[in-house]
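> Respectively, the protein sequence lines represent chains A and B. Take the first sequence: its letter number 411 is residue 411 in my numbering, and every next letter is one higher. Take the second sequence: its letter number 14 is residue 14 in my numbering, and every next letter is one higher.
It is worth saying that the hints were derived from the structure and are not from the lab. Just to be clear, a hint being listed does not mean it is correct.
In silico BS3-like pairs for lysine-lysine, Cα to Cα no more than 27 Å straight-line [stated by the list, open to error]: (1) B:40 with B:24; (2) B:5 with B:24; (3) A:409 with B:84; (4) A:106 with A:246; (5) B:6 with B:24; (6) A:278 with A:249; (7) B:24 with A:409; (8) A:284 with A:470; (9) A:382 with B:40; (10) A:15 with A:63; (11) A:409 with B:40; (12) A:470 with A:246.
Examples of chain B residues toward chain A, derived with CB under 8 Å [stated by the list, open to error]: (13) 18; (14) 33; (15) 49; (16) 85.
The C-beta atom is built at its ideal place from N, Cα and C for all residues, glycine as well.
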Amino acid sequence: MSDSIRRHQDYVAGKFKLVDRVEELLERIAVNSHLNAFITVFSRRKLLDQAAALDRRIEQGQKPGALAGLVIAIKDNISFRGEPLTCASRMLTNFIPPYHATVVEKILQADGLIIGKTNLDEFAMGSSGETSHFGPVKNPWNLERVPGGSSSGSAVAVRAGLADLALGSDTGGSVRQPAAFCGIVGLKPTYGRVSRYGLVAYASSLDQIGPMGKSVGEVAYLLQNIAGHDPRDATSVLQEVPNYVKYLKTHPHHLRVGLPRQYFPEELDPEVRAHIEKLVAALKEQGVRFREIDLPLTEYAVPAYYIIATAEASSNLARFDGVRYGLRRPAPDLFQQYSRTRSEGFGPEVKRRILLGSFVLSAGYYDEYYRKAQQVRQLIQKEIRQAFREVDVLLTPTTPTPAFKLQEKTADPLQMYLSDVFTVTANLAGICALSVPVGVTSRGLPVGVQLMSDFFREDRLFILGRSIEKCTGEV
Amino acid sequence: MIVSKKDIEHLVQLVRIELSERDKNDLLTDLNRILAYFEKLQEVDTREVPPLSHPLQMVNGLREDEVRDSLPVESALRNAPAKKGSYFSVPKVIK
Chain A
1 MSDSIRRHQD
11 YVAGKFKLVD
21 RVEELLERIA
31 VNSHLNAFIT
41 VFSRRKLLDQ
51 AAALDRRIEQ
61 GQKPGALAGL
71 VIAIKDNISF
81 RGEPLTCASR
91 MLTNFIPPYH
101 ATVVEKILQA
111 DGLIIGKTNL
121 DEFAMGSSGE
131 TSHFGPVKNP
141 WNLERVPGGS
151 SSGSAVAVRA
161 GLADLALGSD
171 TGGSVRQPAA
181 FCGIVGLKPT
191 YGRVSRYGLV
201 AYASSLDQIG
211 PMGKSVGEVA
221 YLLQNIAGHD
231 PRDATSVLQE
241 VPNYVKYLKT
251 HPHHLRVGLP
261 RQYFPEELDP
271 EVRAHIEKLV
281 AALKEQGVRF
291 REIDLPLTEY
301 AVPAYYIIAT
311 AEASSNLARF
321 DGVRYGLRRP
331 APDLFQQYSR
341 TRSEGFGPEV
351 KRRILLGSFV
361 LSAGYYDEYY
371 RKAQQVRQLI
381 QKEIRQAFRE
391 VDVLLTPTTP
401 TPAFKLQEKT
411 ADPLQMYLSD
421 VFTVTANLAG
431 ICALSVPVGV
441 TSRGLPVGVQ
451 LMSDFFREDR
461 LFILGRSIEK
471 CTGEV
Chain B
1 MIVSKKDIEH
11 LVQLVRIELS
21 ERDKNDLLTD
31 LNRILAYFEK
41 LQEVDTREVP
51 PLSHPLQMVN
61 GLREDEVRDS
71 LPVESALRNA
81 PAKKGSYFSV
91 PKVIK
């Protein structure tokens, strides 16, 4: 059983008070402020009032929601009514959203307590947590290393025990890569599984909100409570949410697992490779069947991804113009006002992506870049879905290396983009993917294994993910 | 070189972002390196391949056409940097 389900049950059984838990976590957040995991921690008073109200309901013997007793941190690109929503950008430092994201409503309906908003790469654009207007997030395993990004603060909050669970968003690996770098579990659900209403859009055909936790069970449990169709998000899917938690007890011997050759290149970090090989051997012992798979289009995923993501970003971020909300730098002329506002409001990486995106969409280049990338996307999706006729799950490293050093890649955007090489395919194809910790390197840095499966087959990820935890003795 | 300095000048106009000369030069280097890498896609044969703009083949989900609550004007205007009455206020556009 997962820690969170047990904690929830303990809470309902009256074994602890949520007010005490909130005090404990606020203290931990304060002690760990050097990690820079949070942008906004909600007011102590509001949190304690909510906790006390729930404590009273438990005392009265009422049956609370499935997330009662659990404290959740959410990435600061997800809207919580009445609390600042910054996207870690100067553009939005004064923005207070007037409505809840659907995932927030669902968590609150299930009696989960949201403690605050976590730090991220500005507008979720980055792979290291370093592009935030509020300064870089630090990896709790090694303060000189990045925690990954862009859901940096959410991964750190879970790892450092500043919250029980967290939500991130994953456009090209932004949940899975920080989960791998911080030694936690992170899921990118199938596109359309979770409502994006109230998530600030970066690249709308790729974005998906994903749960993060210390164990596969926790992530399955949180997904259970946030998934489902939402009339306010036309891209969410009318499909029943299965009982994910039940799959945690399923033995994986019926699963056929593929090892795509292209995810084990020469340059792969030797310790990452060794951990994955050891895991594969252990799973074989349990009767899991493996075979090699060929995904020759893998090397085209990063360029296709960055063309599509930046193109969509250049369009989505056009709304930040200083007219309706956010920063405004007044000027006598409206166009001048737009330019001043956007120049001061956006940081360098966001500007780079807006310019890149508008270039690949511009007259004369549209066919060569944007249309070409969409065609390659079609082929990549076809290739990976064909693989799922032969295997149930694909198993790969989540990242080519463990957490890199702060500032190691900031001067070279292309190197930063290439660090997403194993995660972007799942977003391009729209399929689900999970990162699970598989061990720690000799330098004390966590390594993650990525599992990918077909549309709406999160169940398979949870079955295999749970058995990986048993192999590695993690939980 | 794929992008020229002139292209950058044009792009910053399109996206309404002002850049210093130094930033423009840095961007020129970055964009050219990134776009040169994107050229890799030309190796893939995509003749007859329809572009994929959305990962799921979805059919319209229809609902009843009914009146629902929407955001009150005061809430929608609360974050406005400048407003007049129930309107957002901007510098004069038509002169």
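> Does each hint fit the structure? Answer for all of them.
Evaluated hints:
1. B:40 with B:24: The given pair, whose Cα atoms are some 25 Å apart, holds under the 27 Å limit.
2. B:5 with B:24: 8 Å, holds
3. A:409 with B:84: 46 Å, violated
4. A:106 with A:246: 21 Å, holds
5. B:6 with B:24: The given pair, whose Cα atoms are some 10 Å apart, holds under the 27 Å limit.
6. A:278 with A:249: Holds, at roughly 23 Å.
7. B:24 with A:409: 20 Å, holds
8. A:284 with A:470: 13 Å, holds
9. A:382 with B:40: Within the cut-off at roughly 19 Å; holds.
10. A:15 with A:63: 15 Å, holds
11. A:409 with B:40: 22 Å, holds
12. A:470 with A:246: With Cα atoms ~16 Å apart, residue 470 (chain A) and residue 246 (chain A) stay inside 27 Å; holds.
13. 18: 4 Å, holds
14. 33: Cβ of residue 33 (chain B) sits 6 Å from chain A, so the hint holds.
15. 49: OK, holds: residue 49 (chain B) within 8 Å of chain A, min 4 Å.
16. 85: Violated. Min distance 15 Å.
Consistency note: the structure conflicts with the earlier hints numbered 3 and 16.
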